[in-house]
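Line order of the protein sequences matches chains B and U.
Okay, so the first sequence: first residue is 1 according to my numbering, each after it adds one.
Okay, so the second sequence: first residue is 1 according to my numbering, each after it adds one.
Read the hints as simulated data drawn from the structure, not as lab findings.
Do not rely on the hints blindly, as some may be mistaken.
[Unchecked claim] Computed cross-link-like contacts, BS3-like style, restricted to lysine-lysine with a CA-CA straight-line distance of at most 30 Å:
#, chain 1, residue 1, chain 2, residue 2
1, U, Lys122, B, Lys287
2, B, Lys13, U, Lys143
3, U, Lys77, U, Lys5
[Claimed, not checked] Here are some, though not all, of the chain U residues that point toward chain B, as calculated from beta-carbon distances under 7 Å:
#, residue
4, Phe95
5, Gln114
6, Ile116
If you're wondering where the values come from, they're calculated on a predicted model, not measured in any experiment.
Beta carbons are placed, not taken as given, at the ideal position from N, Cα and C, and that holds for glycine.
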Amino acid sequence: MPSLVRANIFQRKTRAGITILAVAIEVTAVLLIVGLTNGTLDEVAGRMQAVGADIFVQPVGSSAILGLSSTTLREAIVDKLAQTEGVQAVAPIYFWSALVGGGAPVNAWGIDPRFERVGARLTYLEGRGLDWNSPPEAREMVIDRRFAAANNFSVGDRVAMLADDWEVVGIARAGIGARIYVRLTVLRELVGTPTRVHLVFVKAERLDRTGELAARIEAEVPGVQTTVLEEYSQTLGENIAGLNAFRIALSGIAVSLSFLVILLAMYTSIIERTREIGILKALGGSKTYIVLTIMQESMLLSLLGVIGGYVLGRLTAWGLTTAYPTLIITFTWDWTIYASALGVLGGFLGSFYPAIRAARQDPVRALRDE
Amino acid sequence: MIDAKPVLQTIALRKQYDMGKAKVEAVAGIDIMVRAGEFVALMGPSGCGKSTLLYMLGGMVAPTSGEVRIDGEDITKLSDSERTLIRRDKIGFVFQRFNLFPTLSALDNVKLAQEIQRWRNKTGRGDPNRASRLLERVGLAAKVDHKPYEMSIGEQQRVAIARALVNRPHILLADEPTGNLDTNNSARVMEVFTSLNAEFGQTMMVITHNPEVAAVAHRKIHMRDGLIVDEADAH
Ligand SMILES: Nc1ncnc2c1ncn2[C@@H]1O[C@H](COP(=O)(O)OP(=O)(O)O)[C@@H](O)[C@H]1O
Ligand SMILES: [Mg+2]
Numbered sequence: 001m002p003s004l005v006r007a008n009i010f011q012r013k014t015r016a017g018i019t020i021l022a023v024a025i026e027v028t029a030v031l032l033i034v035g036l037t038n039g040t041l042d043e044v045a046g047r048m049q050a051v052g053a054d055i056f057v058q059p060v061g062s063s064a065i066l067g068l069s070s071t072t073l074r075e076a077i078v079d080k081l082a083q084t085e086g087v088q089a090v091a092p093i094y095f096w097s098a099l100v101g102g103g104a105p106v107n108a109w110g111i112d113p114r115f116e117r118v119g120a121r122l123t124y125l126e127g128r129g130l131d132w133n134s135p136p137e138a139r140e141m142v143i144d145r146r147f148a149a150a151n152n153f154s155v156g157d158r159v160a161m162l163a164d165d166w167e168v169v170g171i172a173r174a175g176i177g178a179r180i181y182v183r184l185t186v187l188r189e190l191v192g193t194p195t196r197v198h199l200v201f202v203k204a205e206r207l208d209r210t211g212e213l214a215a216r217i218e219a220e221v222p223g224v225q226t227t228v229l230e231e232y233s234q235t236l237g238e239n240i241a242g243l244n245a246f247r248i249a250l251s252g253i254a255v256s257l258s259f260l261v262i263l264l265a266m267y268t269s270i271i272e273r274t275r276e277i278g279i280l281k282a283l284g285g286s287k288t289y290i291v292l293t294i295m296q297e298s299m300l301l302s303l304l305g306v307i308g309g310y311v312l313g314r315l316t317a318w319g320l321t322t323a324y325p326t327l328i329i330t331f332t333w334d335w336t337i338y339a340s341a342l343g344v345l346g347g348f349l350g351s352f353y354p355a356i357r358a359a360r361q362d363p364v365r366a367l368r369d370e
Numbered sequence: 001m002i003d004a005k006p007v008l009q010t011i012a013l014r015k016q017y018d019m020g021k022a023k024v025e026a027v028a029g030i031d032i033m034v035r036a037g038e039f040v041a042l043m044g045p046s047g048c049g050k051s052t053l054l055y056m057l058g059g060m061v062a063p064t065s066g067e068v069r070i071d072g073e074d075i076t077k078l079s080d081s082e083r084t085l086i087r088r089d090k091i092g093f094v095f096q097r098f099n100l101f102p103t104l105s106a107l108d109n110v111k112l113a114q115e116i117q118r119w120r121n122k123t124g125r126g127d128p129n130r131a132s133r134l135l136e137r138v139g140l141a142a143k144v145d146h147k148p149y150e151m152s153i154g155e156q157q158r159v160a161i162a163r164a165l166v167n168r169p170h171i172l173l174a175d176e177p178t179g180n181l182d183t184n185n186s187a188r189v190m191e192v193f194t195s196l197n198a199e200f201g202q203t204m205m206v207i208t209h210n211p212e213v214a215a216v217a218h219r220k221i222h223m224r225d226g227l228i229v230d231e232a233d234a235h
């Protein structure tokens, strides 16, 4: 690296620092935006897959994002599904979006003993599972560890939901299905729709035939649609309207900001160094040499910014997930590379115009003493 | 001296600056010839066009008309990048204000000129010791690591001279190199110029108001209102 590039950066430590910070913030912003959306998607899909079923069935026209539509299936459909050829077991689910602890709504699932037959294995870290033989007026609730940690709930605590007091009887390992589990029959009674279900998990007899089975179900059972759980993460991403537009828009804003900061930094630096650029020309520095010298400076700054952004992104993610245990942030290599490339591109574009201007400037005017 | 080949030559050289409605005839038709190894002092009142002439000789200002020949080649016909190469390989500049890079040490200022010379240049002449040897030569051996602001004005000017010479140009153009210096420092700078000229035989054109400086030149060229008014041999 030419000594001049190094010297310029060290000479203007504050400006260099701010430029690096701007790029770092841009990279951090992109990484976090994508990390948060990806983390949430993966987490949602992962929880569904962790149930252990192969397919889930919903009323036709439902969104892949669970809980968005209020249409339900009749109980009779559940029996019809169970009798379909190739089906080993079925488990009906009733959703409730619970407002507990004053935070964002949390998914509560009403389940019955069939939930375990499709493969779901809840592991209890504290307490026990729901008692299927408890009287109808019992209000038992199982919550997952993250939800318990976020709200400071432990076994024996009473939690308000649906204008009732529920007792936490067990805390399950997080990552399977919902954050709150209650008995299907109790939940449906309370909501006032005792014979309806929102979704049915299906366990196939043969794992290699899930696609076939899904198609057969849609053909034989009227009014339903199926989703193969293996493909759910992908389906989910495609179904969230505007997700990619949202990511691109926010990334675009972040990149524009770092671009503008670099543009301003390099532009003021060029104006300040008019005379130095004149000397470079007098010494026989070509236009390309001058452009490259200036671009090298900004590229180095943005490269440092990218590295800083990666570190800052990791630190912020760590801080956020420590403060909010239910948040999931997933860093992926492709987006890390993309965010870094955007950072460097911002530096490149931001310094291009100032560099060209510098190279074009009249050397003599800069060197005149008057 | 008469037999030496022409190094700097101008033919009917003119430069007109367009200042809106007014036109300034900075150089109004000048024919000069400077031969290899000559040391010429360019004199004249402020605003008479000396700097403009010097910058045209160095290919930094485009003439309105006329020719500038460096080693017989008309550089006004060349492209901008070809002129840049000529400046890089053949010409050393020294200015009145010292124009060192404030962020670089004396040694790095001199080395920067080498770096530019070597850049994308297979025939580059980068001699790693030449920069420090030249600084020694101008009496700054003890100050190679000093930044410009840590040196006196006279010392800074000597760094600028070392920088102008590091790529072994055979032409040295200087615009009032002693203009900001006291008598003592002027004398030292001029001593460097004359001894280098005697030793390496560079062709030099130095703009100066200082009669003592002009006295050591081989020849004086006087300008007024963009024209040469009088040429005098010092010998
Ligand atoms: N870039 C420029 N634009 C307009 N006028 C200029 C420019 N450079 C020099 N001049 C004018 O040209 C004339 C000669 O200037 P200059 O060559 O600097 O003279 P000197 O070096 O002898 O003092 C002056 O009148 C000056 O104002
Ligand atoms: Mg002048």
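Exercise for review: Assess, step by step, whether the Cα of U:Lys77 is no farther than 30 Å from the Cα of U:Lys5, and give holds or violated.
Suggested key: The given pair, whose Cα atoms are some 21 Å apart, holds under the 30 Å limit.
Review point. When the nearest CB of chain B is found for U:Phe95, is that gap smaller than 7 Å?
Key: holds, 6 Å
Check your understanding: Given the hinted pair U:Lys122 and B:Lys287, is their alpha-carbon gap at most 30 Å?
Key -> holds, 18 Å
Point to revise | Restraint satisfaction for U:Ile116 [CB to CB of chain B, less than 7 Å] | key: Hint holds; U:Ile116 Cβ to chain B Cβ min 5 Å, cut 7 Å.
Exercise for review: Would you settle whether the hint for U:Gln114 is holds or violated, based on the nearest Cβ-Cβ distance to chain B being less than 7 Å?
Suggested key: violated, 10 Å
Point to revise | Restraint check for B:Lys13 with U:Lys143, where alpha carbons must lie at most 30 Å apart | key: Distance of about 25 Å is within 30 Å: holds.
Hint violations for this structure: number 5 only, all remaining hints satisfied.
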